[in-house]
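The listed protein sequences correspond, in order, to chains A and B. Sequential numbering from 1 applies to the first sequence in this note's numbering. Sequential numbering from 1 applies to the second sequence in this note's numbering.
Calculated directly from the structure, the hints in this document are not laboratory data. Here the structure is a predicted model, which is why all the values come from computation and not from measurement. There could be a bad hint or two in this list.
[Stated by the list, open to error] Here chain A is said to cover these stretches of chain B; the calculated rule only asks that three of the stretch's residues, wherever they fall, bring their Cβ under 8 Å from a Cβ of chain A:
no.	segment
1	50 to 61
2	104 to 113
3	220 to 226
[Said to hold, decoys possible] Beyond 10 Å from chain A on every Cβ pair, some chain B residues (computed):
no.	residue
4	Gly19
5	Lys26
6	Ala77
7	Glu129
8	Ser141
9	Val183
10	Asp229
11	Glu235
12	Gly240
13	Tyr241
Each residue gets a CB set at the ideal place from its N, CA and C atoms; glycine is no exception.
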Amino acid sequence: MSDEILYEVTSSEYKYGFTTDIETDIIPPGLNEDVIRLISKKKNEPDWMLEYRLKAYRTWLKMEMPNWAYLNIPEFDYQAISYFAAPKKNAPKSLDEVDPELLRTFEKLGIPLEEQKALSGMAVDAVMDSVSIKTTFQDTLAEMGIIFCSFSEAVQKHPDLVQKYMSTVVPIGDNFFSALNSAVFSDGSFAYIPKGVRCPMELSTYFRINAANSGQFERTLIVAEEGSYVSYLEGCTAPQRDENQLHAAIVEIVAMKDAEVKYSTVQNWYPGDKDGNGGVYNFVTKRGLCKGEGSRISWTQVETGSAITWKYPSCILMGDNSSAEFYSVAVTNHHQQADTGTKMIHIGKNTTSHILSKGISAGVSNNSYRGLVRVNPKAENARNFSQCDSLLLGDKCGAHTFPYMEVSNDSAIVEHEATTSKISEDQIFYCNQRGIDTEKAVGLIVNGYAKEVLKKLPMEFAVEAQKLLAITLEGSVG
Amino acid sequence: MLQIKNLHASVNGKEILKGVNLTVNKGEVHAIMGPNGSGKSTLASVITGNPAFEITKGEILFEGKSINDLAPEERAAEGIFLSFQYPIEIPGVSMVNFMRASINDLRKSRGEEPISASEFLKLMRKKKELIEMDSQLTNRSVNEGFSGGEKKKNEIFQMAMLDPKLAILDETDSGLDIDAIRVVANGVNKLKTPDNASILITHYQRLLDYIIPDFVHVLSDGKIVKTGDKELALELEEKGYDWLKG
Ligand SMILES: Nc1ncnc2c1ncn2[C@@H]1O[C@H](COP(=O)(O)OP(=O)(O)OP(=O)(O)O)[C@@H](O)[C@H]1O
Ligand SMILES: [Mg+2]
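Please work from the sequences and hints to get the whole structure.
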């Protein structure tokens, strides 16, 4: 498939760095119980939701920011940002009610919200700042019993499902950021695939930060009933700003017996400028639960943006014969820092997990893989294979690998391989001799290096991801 | 077409080329022979602008212009091609993508439009036939896991695709079986026009049975110590190089 994709590099700048000039309803900076009540009220939430938020807030107050990652995280003042920002024209019932400026924004980002113009076979939930703007193809999907809507809408219309599954995979107090998100989350996406249904199109959420000095805290919940299938995509961008923006999301996936969920991310938040000013702090908790027998979850991520990335999409293999995959490409350039990887927790019998991580570091960036493979005592015949490769461009950047293995069952086979390489001068010269300049050669070589992961992505995403890799690394050699 | 004047070049401070003079005109085939380590590949690297080598003295003119200061990709755009003695592997990058990037970049630097997909596929098919290359190879990653002979064939395939003015073939015949040599030589001969030229670096007279050189040069210790016609190659085959060493 990748062969069909034209290798091309567009521009060297972060081309999504524009802001949209729309009226925003933004609450004053700061966080306390009143703010949480205000958010809940603005969203017209039922009492159970407010109780949940307050409980999360109280939990968060007792927690501290984690510091074990290989990251240098500056002091962050959680009272200095606003926890709710929304485009003023709220909850449109039809496309005509959506602020045209917003439509133009998403159009500019390549995310058409008019269904007739939409990419074939993709339903999109567009989230700007804290609020879902528009979810496409809802009706088409509803005919098959598939629910795809914003999280807020799900709270209103499908409260039993939300209450049944929310926080069953990522508990409120799982970590500092999950507690924070649970207290203040503003919106996100909800998908429910009924028993035996194969979702006929890619479901996609597109996140966009726009308002200044605000945090973005979305929540995504995906439930795949027995024998169902869904492929889910997530993309994101933010304007270019001097100050740092906080993004702390939660994604929960539940897969029942024989269900399969594929979750792909192309993360392209604003990375900051080349001197390390600005950029998004991306602290995300993503976890999937292979609940039923024979269930399957795969995470594929291409991480090119953000100033700091702290993210470990994980799987709990509870059902017997369940399997999980993690495919990752993480690129860091200039002053970016990434500490990313996965956790595979084997609980059921005959469970398998596969990890393929490709790190690429350039500039003075730092890129760490951190992965845990745990085999519980009763997890007979667990199988894991991990491959972690690092590619270095230049000698001022760093690549680190931290594999943790906790194996408590003798029948387990757990294998880990790691390599570190550099792009060789011979490879560059070979490309040069064929007329390809050095910058393009690096893009080509890096895309080749990441190919095994890229080919797991749906087509449109793969094209975008290839361009992103090349653009992210521009100016990194010379 | 190519004029090399008193060329001195070194790598890591060690002088390898010690005053090479060579003129190649349009339509000519030159063979360069010489003992191992005499600087043949170095000469090819220096002509094509490999940054590992430093020109310490002398000049390389291509079509009358000095190319000393041109980047390797600019020299490629001028029409200089090197078939590598040791072709490089680029994992994960398919030959198709590599060739398309190459052709389009060369076109771009010459101010031409990118090649269309159908034109490109047609060109690929034609050139694969010309050198009787296994179709599967172009779907694989650049040189990755190719056998020694396949790598060499792949170099000639690229040469056929790019249609250079000056092709330098560095020991393209080494590692090829007898049939493959014939096929490759055949390809080179078919690509020959009155407007292009080639330099064949080889250790074996056999290649020169198929591609008849206009000149044969002997490079020894960084200098061309003897120049003759195709008979010189036969003589070398018989007598070795010792009689030429000062
Ligand atoms: N990067 C390098 N560093 C140090 N020495 C080098 C380097 N490249 C080439 N040399 C030396 O330069 C000399 C000429 O090498 P070159 O590869 O040009 O020889 P050659 O004539 O092509 O030999 P062969 O017939 O074996 O291919 C050799 O002594 C080689 O060891
Ligand atoms: Mg050589």
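The hints, checked one at a time:
no., hint, verdict
1, 50 to 61, "holds (count 3)"
2, 104 to 113, "holds (count 3)"
3, 220 to 226, "violated (count 0)"
4, Gly19, "holds, 25 Å"
5, Lys26, "holds, 21 Å"
6, Ala77, "violated, 6 Å"
7, Glu129, "holds, 20 Å"
8, Ser141, "violated, 7 Å"
9, Val183, "holds, 22 Å"
10, Asp229, "holds, 30 Å"
11, Glu235, "holds, 33 Å"
12, Gly240, "holds, 31 Å"
13, Tyr241, "holds, 28 Å"
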